[in-house]
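Residue numbers (the working numbering), protein chains in the order written: chain G, 1 to 350; chain D, 1 to 263.
Rather than coming from a laboratory, the hints here were simulated on the basis of the structure.
Please note: incorrect hints may appear among the correct ones.
What the hints assert, rightly or not - Which chain G residues face chain D? A few, computed with CB under 7 Å, are given here:
| id | residue |
| --- | --- |
| 1 | P72 |
| 2 | H73 |
| 3 | A85 |
| 4 | Y327 |
All C-beta atoms in this analysis are idealised placements derived from N, C-alpha and C, irrespective of residue type, glycine included.
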Amino acid sequence: MAYLSIRQVSKAFGGPPVVDAVDLEVPQGRFFALLGPSGCGKTTLLRMIAGFETPDSGTIAIDGEVMNAIPPHLRPTNMVFQSYAIFPHLSVFDNIAYGLRKLRLPKNELKARVEAMLATVRLEGLSGRGAGQLSGGQRQRVALARALVRQPKLLLLDEPLAALDKRLREAMQVELRQLQRQVGITFLMVTHDQEEALSLADQVAVMNNGKILQVASPRELYERPNCREVADFIGEINFFHATVKAVDGDRVTVNGGLLGVVALPRANILFDAAVGDALLLAIRPEDIGFADAGLAGTLAASTFLGETTLFQVQVAGRSDPIVVSNYFDPPSKDVHLNFPPDMLIGLPES
Amino acid sequence: MRKHALLLYALAYLAFLYVPVLVLPIFSFNDSQFIAFPLAGFTTRWYARLGADTAMLHALGNSLKVGMATALLSTLLGLLAARAVTRYRLRGTHAALGFISLPLFIPDIVLGISLLLMLGAIGLPLSLGAVVLGHLLVCVPFAITVLVARFEGFDRDLEEASADLGEDGWMTFWRVTFPLILPGILASLLLTFITSFDEFLVAYFLSGTEPTLPVYIWGQLRFPERLPMVLALGAIILAVSVALVALAEYVRNAGVKKPMVGA
Ligand SMILES: Nc1ncnc2c1ncn2[C@@H]1O[C@H](COP(=O)(O)OP(=O)(O)O)[C@@H](O)[C@H]1O
Ligand SMILES: [Mg+2]
Numbered sequence: 001m002a003y004l005s006i007r008q009v010s011k012a013f014g015g016p017p018v019v020d021a022v023d024l025e026v027p028q029g030r031f032f033a034l035l036g037p038s039g040c041g042k043t044t045l046l047r048m049i050a051g052f053e054t055p056d057s058g059t060i061a062i063d064g065e066v067m068n069a070i071p072p073h074l075r076p077t078n079m080v081f082q083s084y085a086i087f088p089h090l091s092v093f094d095n096i097a098y099g100l101r102k103l104r105l106p107k108n109e110l111k112a113r114v115e116a117m118l119a120t121v122r123l124e125g126l127s128g129r130g131a132g133q134l135s136g137g138q139r140q141r142v143a144l145a146r147a148l149v150r151q152p153k154l155l156l157l158d159e160p161l162a163a164l165d166k167r168l169r170e171a172m173q174v175e176l177r178q179l180q181r182q183v184g185i186t187f188l189m190v191t192h193d194q195e196e197a198l199s200l201a202d203q204v205a206v207m208n209n210g211k212i213l214q215v216a217s218p219r220e221l222y223e224r225p226n227c228r229e230v231a232d233f234i235g236e237i238n239f240f241h242a243t244v245k246a247v248d249g250d251r252v253t254v255n256g257g258l259l260g261v262v263a264l265p266r267a268n269i270l271f272d273a274a275v276g277d278a279l280l281l282a283i284r285p286e287d288i289g290f291a292d293a294g295l296a297g298t299l300a301a302s303t304f305l306g307e308t309t310l311f312q313v314q315v316a317g318r319s320d321p322i323v324v325s326n327y328f329d330p331p332s333k334d335v336h337l338n339f340p341p342d343m344l345i346g347l348p349e350s
Numbered sequence: 001m002r003k004h005a006l007l008l009y010a011l012a013y014l015a016f017l018y019v020p021v022l023v024l025p026i027f028s029f030n031d032s033q034f035i036a037f038p039l040a041g042f043t044t045r046w047y048a049r050l051g052a053d054t055a056m057l058h059a060l061g062n063s064l065k066v067g068m069a070t071a072l073l074s075t076l077l078g079l080l081a082a083r084a085v086t087r088y089r090l091r092g093t094h095a096a097l098g099f100i101s102l103p104l105f106i107p108d109i110v111l112g113i114s115l116l117l118m119l120g121a122i123g124l125p126l127s128l129g130a131v132v133l134g135h136l137l138v139c140v141p142f143a144i145t146v147l148v149a150r151f152e153g154f155d156r157d158l159e160e161a162s163a164d165l166g167e168d169g170w171m172t173f174w175r176v177t178f179p180l181i182l183p184g185i186l187a188s189l190l191l192t193f194i195t196s197f198d199e200f201l202v203a204y205f206l207s208g209t210e211p212t213l214p215v216y217i218w219g220q221l222r223f224p225e226r227l228p229m230v231l232a233l234g235a236i237i238l239a240v241s242v243a244l245v246a247l248a249e250y251v252r253n254a255g256v257k258k259p260m261v262g263a
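Chain D on its own, in the form it takes in the complex (with noise of 0.2 Å):
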């Protein structure tokens, strides 16, 4: 009976989960453009309508240079952090990584109006590259989080025996450190790069003139015509973060697996 009742519990919440997610795709695919039930019929209009839509190709380029520029400085200043938390006893360790997570739990509102704040004041336009210092602020910490794990399960006799074997600290990176970290570098530049993509509150205060896909997408769903376009939008995006995190997962994995120490 109790085991009834879990088995109907678990399934309830994953159809919480599930179920408004399933929507899109569903929807997307309806060939009407009212959002309702019975379903009309099967169409790809909205998918191949997406193509023609540049103002939205538009919006897709911004979001790809953003989460590229923000998953490159995000990992790159995340290993910096990482390679000297875990390499160095420094004083205040501890306080300055909670520091620098803490714009992880401040809300995205909080995070979007003071920055919006902060640029105005200091005199910086609205831009793209608004949008990335931003985003650095909550990718950074993830970075930080994937990368420190990798190099603590780093033997260090490893670098030694690089520098004992003729190599300096720029080729012992290059032919020790940076190939042995290498799946941690992959899952931080994907898990970034989603961030980043898929963030829309900070992007939505910074990003002034040229909007990203989120805020683009939002902007649309003021035309109700556009409805089932948008919603093939969300189900490949959707499909593409699904994928991509994924990826992070296994990569991230499968370098962990291989035995990481010397001995």
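Excised from the complex, chain G in its bound form (with noise of 0.2 Å):
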């Protein structure tokens, strides 16, 4: 039984639902990511397990306990808003202490648990400051604590990092991912920064349009998405169109049009493909090697990215560039490019 459960959930605003028969299961203690691209319906859903909006149909239940009709204040949740809502007229103490005042502890007993939280957000000495006058880090950070403080059993956060800049966002990404790990509470985080889903997250729940696509792992989603729009979301991809020729033991043989008559391994077709069948073949950037043999192209562009350049290589009967990622550039701009079987992967043409 997952600790959070989303049976069917849909919610529309009077058009057509923004949220769409979402099931999902998040386990106990983890790190999980719901990742898409913006209005694609992860705020509201978020907000549904807030209890800040109201399914229209289907539940929600955290720990075996049915949310639906729980107001926010008596649920289990906590959430780091995208703005971080930080109260002004209270200090950095005031803001974390704010959700403990129903446990009425002595006075002494509250100042520990909140410097507590300080530390372990590194904002000690800062418990006397204004609220107007924190940083974005700062404000961040006394979002988490205030919302960890409290001990949820889920933690939401909507796009925590958004509104940071580049470096601050990525010495946060690390500390984020330690802080779960040491306070093992379960996160359950919105973004539509899928490199920072990727880095951050046990398992990523990618969602457009109102509908969940795939659960995995970053590594899987990555590796062997189930469809052509988790492939295209989740970093570059390339797209072959292609048929099933033949079904033999552990290989399966396409007709690859621009690639050939290849052979892939069954395990890399990612659904129920029969003989005649038509499929897509993707391959990643990196997959692809510059060889002496192969499919003969043209340099087009390419972009140096440090490590790696990505190369965008055009060939005949083909508008799209292919894209290639590299570590050294080919000898001449006329190039033959090799697609090793085992790294091409089948997804259902749809």
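Both chains come to you apart, so use the hints to assemble them.
Quick look at the structure:
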């Protein structure tokens, strides 16, 4: 039984559904990311978990308890708002102590807990600061501390790093990851940044148009996306139209158009394919090699990325360039590309 | 040349605005019954006599009661209306706000007579309570305007954050909403109090046998020998009004300078 369990949850605001029959299971104690482009319904889903929106249908359960009828202030969740929503009239200390009022702790115990939390988010010595005197990164830490100090069953984070500049964001990614390990609370983070999701989360759910497309580990999402949309959304990838010619044993032979006839491992076909089926062959830029023979093309452009370079290769009979990533420049502008069959994956043509 | 003309115009304009007002305090210190130049000499006896005028003090008491009741009630009503308007996207909000503001544009004399007729029709006696009702019509729109402005600068995430941290609607109001809109509430209280305190026509029609201060002053103008005292009273009211309006503006702006949003 999953810790957070979402069953067939839908939500519309008078138009088409913003969240569309979503099923999602989040395990306990993990860092889980909900990844999707802007406007795909991530915040709406998060707000339904926190209780700020009511699902039109479906159930949301946390730790086995159905939440639908429970108001936000009684739910075992806490949220880090995208705007951070730090109380401007309170000090850092009072912001963090805000959610502890009901515990009626003795003064020194309250102080100890808040100070310990401040240390956890590395804000020691700032407890007396006014909310107006904090930098963006500090506000973010206060928002985190304020939520974590309540020891929620589930911490919800809505694009927690989006408002920070690049360097701070990268530093905070590392910290956020460590913080989750340290406190052991289940984190559910929403983001539109695929690098952030892949580098932070144990598991990622990819969402588009209100639907969950795939839930998998970052590696699996990258290596074995289950559909074109996911493959496209996560990093660079090249697609080729193909048809299944034969299925024999653990190999599937396909007619790959420009790629010719290739036999790829059956495990690389990520759907139930039968002879005659159309399929989409996909391959990552780093899996394509420059070679002495193979598909002939011309170098159209290149982007230096530091460690590697991304090359756009134009080939006859195809309008989109093929994207290849390599450590070294090819010897001439006329190149041949090698597609190792084991690196090709087959997706449903849709 | 044009610059000089402009300066002259500005000075003339300011003189036009403020000289009549300055006449009041000047003659209130003039040691003569007659309001005429040249000034006769300095005295504070008109002010001293004011303190002994029990009828005047009674009228002052009436005005304070009416002013405070009006300020509290119109601010409370304004608070509820402003919250509803900014919180929920209700149908017809704009029309409703327009209607609420309408009394501001109805001449006070029309308002006064209509209220007089209506009170007569429903059989309510003329009283200070009736004056408060009349003043509410004028003051509630002020209160709403001041408070809507305050609520509009308010980040809704803050109230949700409070709920998220375990507080119900009532506690959220006390711990987050109220402290953040407090400057607006104070400004509204001061402005509505002053509006009520200075109002004459509606009070004249509705106060019956219990005059408010402006009504009492109006009554005193028939007695020339009491005129300097009225001037002294007027000077005090003027000073207090200016001070309160300045204070209201100060708290309103002081509050606004603080960041209102969580981001
Ligand atoms: N309260 C609301 N009323 C109407 N439409 C809304 C509301 N909240 C969100 N939406 C719409 O739902 C869609 C998804 O929004 P959101 O969940 O914020 O997406 P995301 O967080 O993935 O960017 C958007 O088109 C947005 O305009
Ligand atoms: Mg969002």
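Practice task
Would you check whether Y327/G satisfies its interface hint, that is, whether its CB is within less than 7 Å of any CB in chain D?
Solution key: 42 Å, violated
Problem - Restraint outcome when H73/G is required to lie within 7 Å of chain D by C-beta distance - result: Because about 5 Å separates H73/G from the closest Cβ in chain D, which is inside the 7 Å limit, the hint holds.
Exercise for the section: Return the status of the interface hint for A85/G: holds when the least beta-carbon distance to chain D is below 7 Å, violated otherwise. Expected result: Check passed: Cβ of A85/G comes within 4 Å of chain D, closer than 7 Å.
Exercise for the section: Against chain D, run the beta carbon of P72/G and see if the smallest gap drops under 7 Å. Expected result: 4 Å, holds
Hint compliance for this structure: hint 4 is the single one not met.
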